[in-house]
Amino acid sequence: MNAPVERVAALAGIGDSRLRKEDARFIQGKGNYVDDIKLPGMLHMDIVRAPVAHARIKRIRKEEALKIPGVHAVLTADDLKPLKLHWMPTLAGDVAAVLADEKVHFQMQEVAVVIADDRYIAADAVEAVGVEYEDLPVLIDPHEALKPGATVLREDLAGKTQGAHGLRTHPNHIFTWEAGDKAAADAAFARAPVTVKEQLLYPRVHPCPLETCGCVASFDPVRGELTTYMTSQAPHVVRTVVSLLSGIPESKVRIISPDIGGGFGNKVGVYPGYVCAIVASIVLGKPVKWVEDRIENISSTAFARDYHMAGELAARPDGRIIGLRVNVIADHGAFDACADPTKYPAGLFHICSGSYDIGAAYCRVDGVYTNKAPGGVAYRCSFRVTEAVYLVERMIDVLAQKLNIDKAEIRYRNFIRKEQFPYHSPFGFEYDSGDYHTALTKVLDAVDYKALRSEQAAKRKDPSSPSLMGIGIATFTEVVGAGPAKMCDILGVGMFDSCEIRVHPTGSAIARMGTITQGQGHQTTYAQIIATEIGIPSDVVQVEEGDTNTAPYGLGTYGSRSTPVAGAAIALAARKIHAKARKIAAHLLEVGDQDLEWEIDRFKVKGDPSRSKTMKDICWAAYHEPPPGLEPGLEAVHYYDPPNFTYPFGSYLCVVDIDKTTGEVKVRRFYALDDCGTRINPMIIEGQIHGGLTEGFAVALGQQMPFDAQGNLLGNTLMDYFLPTAVETPKWETDFTVTPSPHHPIGAKGVAESPHVGSIPCFSNAVVDAFAHLGVTHMNMPHTSWRVWQQLKTSAVAR
Amino acid sequence: MEVKLEKRFPLAVDADRAWLVLRDIRAVAASMPGAEIGEQVDANHFQGTVKVKVGPASAIFGGDVQLLEIDPPARRLRISAKGADRGGSSASMDLTASLGVVDEKRSVLVGSSHVVVNGKFAQFGGRLIGQVSELVLAQFAINFEAAAVALPSCPAAPASAARQVAGAMAPRKTELSAFAIMWSLMKRWLRGLFGVRT
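In the order they appear, the protein sequences are chains A and B.
Going left to right, the first sequence walks through residues 1 to 799 as the numbering used here numbers them.
Going left to right, the second sequence walks through residues 1001 to 1198 as the numbering used here numbers them.
So here's chain A without its partners, still in its complex pose (with noise of 0.2 Å):
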């Protein structure tokens, strides 16, 4: 028998930093994207879309489209009308045009499919199609689109007062959301000694993973079967739409989601390319694929953020806040296709009084339709999460400005306390786990904080400093994984997710799951859990995810959900094959259940070591040898709805130093200590931070979507947009601690997006915190050169 500690790492479960799974064939070229997919008599489709932002068609032509050899069908809003599939419903309560229906709303709106033999085909009858445009006035400017008389975007919805979320109160008004206490927070705020208020914008940006959003529709006419290989973060979600959108029957609808190269929220929706992919399916009987362009997917698929913020905070003198209100403008673009649980149209916006005990507080969000592209997903963040964090980061750095307190210590002064645990907020949330201070403490002593005060306060004295020094903190407090069913669902279905295992008679075993990877590695990790579960190797236990046909119902993977929801339905469906495999071990060492002890991968007989079976021996024996009256096989599956979100949350810093000549912010340390509970794979941990800080650093000094009057977005290309590479990106330092939360069958709490959500104000805090001695209060992001350099101009401090 060999040593407890050797069969520990035999096993490589939870904790082990293994290699993931899946990179063996990701780094020799063998993955398997939607565009990989070539099926049989495969056609192209590519799509017209509109040059300008608001417009009237007054005509479409297809005739010369149609003349080119190769062209098989030219689609308009007019054909897919007596489908009744001109608009579609969106996930936030809302229609969407699936093809411009007599009026284009955004630029680069779809207007005509074309489908062909080829992809260069398309494109030439793309150019071919005429259509004529009357140009109507450009609201791009949220603020602008509510003033009275405004032009009204929607005429669709004339007349409509009631929105999918309550009172409308302008043509251009989608909803109000209100949470907290109103009336709490305004008294708060009347005896309160200091307040402060500021504006934040957080600008529309956009996901943009990789891998663009694409899908190939394939329609069986004969067997009436509907395939599709999509570019989908929650195949099961699509395949309910489908069959609801489509009338073919759900058993008949099959959703593949393969590999994906990256979501970030930009794959969660249904975009109008995949319900014209699957209609010219049907329609010519033929498969068809559709794969956007780096442009089309800038421009037209789900974007993020685009929230105007108004914070405020009213305060003790000591620093002891005891208010919080927010106002908030959001700009939803043409449709209100915003990725939510259905209950709530800001997201979890409400999570904004992050890790602090504030007594009181309340927030209201109105969403406005603008000439813009819709979406508003939860890029990399759990719904409207990144924003609520960066609000609260913000507001409690313009606050120890004003009360000339340290920016450490004001944080000190309003943590929630270990023993607050768990901890209601104003807002009505319950916090499952944390430890703020110890977190904080470790960072500050890890960088030495007091040193590099001291250092900033010399370079500031000193006028023939090239540079300007920011240290920026943020502790922030993360709320993932819906989420419990009676709070979260979407179109309708609760958010639980699931796994189905099935453990074979030599001790391998197949683990299927309602999730999809999109690199995430939850080939990797997901059989972490199952090999200390039930004891057998992770390397011998296959997990399978996003085909509809075989994976059990799940909502997907997006606002860190897998961990918490799927993991503790992989953890509870193990435990269910754990017990079953209880009952076979008594039978074969002929003892009762109770006498029989677990030790990392077998059974033991309490009291005599020296019998025992290991789960290799009883897996076999459930199919060979079952106990008299129990059935034999070894399966479980478990759907799982959480009683609670987790909280993950963590302590990041950031030193910058500002070039005073050119305005380039250079990053010197970033310092990120994350508490996501029980920790399954560091190394992927380690990697997911690694990514998330990256692409933090990408929103916070590079990422924007900029509109011209006409509605012209004019960052459409990575020429623009910024994404970072190894060039541009700063050296990240890592750290943990591990507060489990208590709710969740292994303690885990999701990591993937706190490095995201963490690290955008703290670069934002460590930016303003640069020109802090000079009366700025907040630069509204990104903190490029040039606008940075702006700042040193105004600020006199340019060179």
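Rather than coming from a laboratory, the hints here were simulated on the basis of the structure.
From a predicted model like this one, the values you see are computed outputs, not experimental measurements.
All C-beta atoms, glycine included, are put in the ideal place defined by N, C-alpha and C.
All the pointers check out, no bait thrown in.
Cβ pair distances, simulated, as ranges:
#, chain 1, residue 1, chain 2, residue 2, range
1, B, Val1110, A, Lys197, 45 to 51 Å
2, A, Asn780, B, Arg1078, 38 to 44 Å
3, A, Leu83, B, Gly1130, 44 to 50 Å
4, B, Asp1042, A, Arg61, 19 to 25 Å
5, A, Arg191, B, Gly1130, 51 to 57 Å
6, B, Ala1138, A, Arg61, 32 to 38 Å
7, A, Lys81, B, Asp1042, 31 to 37 Å
8, A, Thr151, B, Val1110, 29 to 35 Å
9, A, Leu83, B, Asp1042, 37 to 43 Å
Given chain A, work out where chain B should sit, using these hints.
Just chain B now, with coordinates in the frame of chain A:
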């Protein structure tokens, strides 16, 4: 993408003679690099095309030109043009051009234009549209002056003027090339280095 330009070009011809060119929309178009007037739809509407090339991006904007006003006493022309390119761009222009008298032999062409460009051309070419517009207008003024100079010294009868004007047009480039733009930008930059203000 929106560009507003106010320009004054001194001409070495008298205002009456220059007006013979300006009042004729075909002659005006012939002076504009890359522009061509096609079929006349009715008294005030024409079909036309403008070909522009900026680096790898080239576009042919085809559309309508509308004559809004011809005011002989004020020697003023107002036109509006609107067109689209098959590659996903569209553009519109409102132009007011008038002639002022300087002396018996010289005049000044005063132009005011408002150009709006949408779609791919605005997205890719946005950074260059201001400069390109300036260059197009500068080249236009040179061509325009040449056309006016080439007219017979005696103002002809209105009926035959157009034919004469068209006949007098010098051979010209049919599009504005990227090379010309880059060269022009380079020259300006070099002049800037030596402190010459343009």
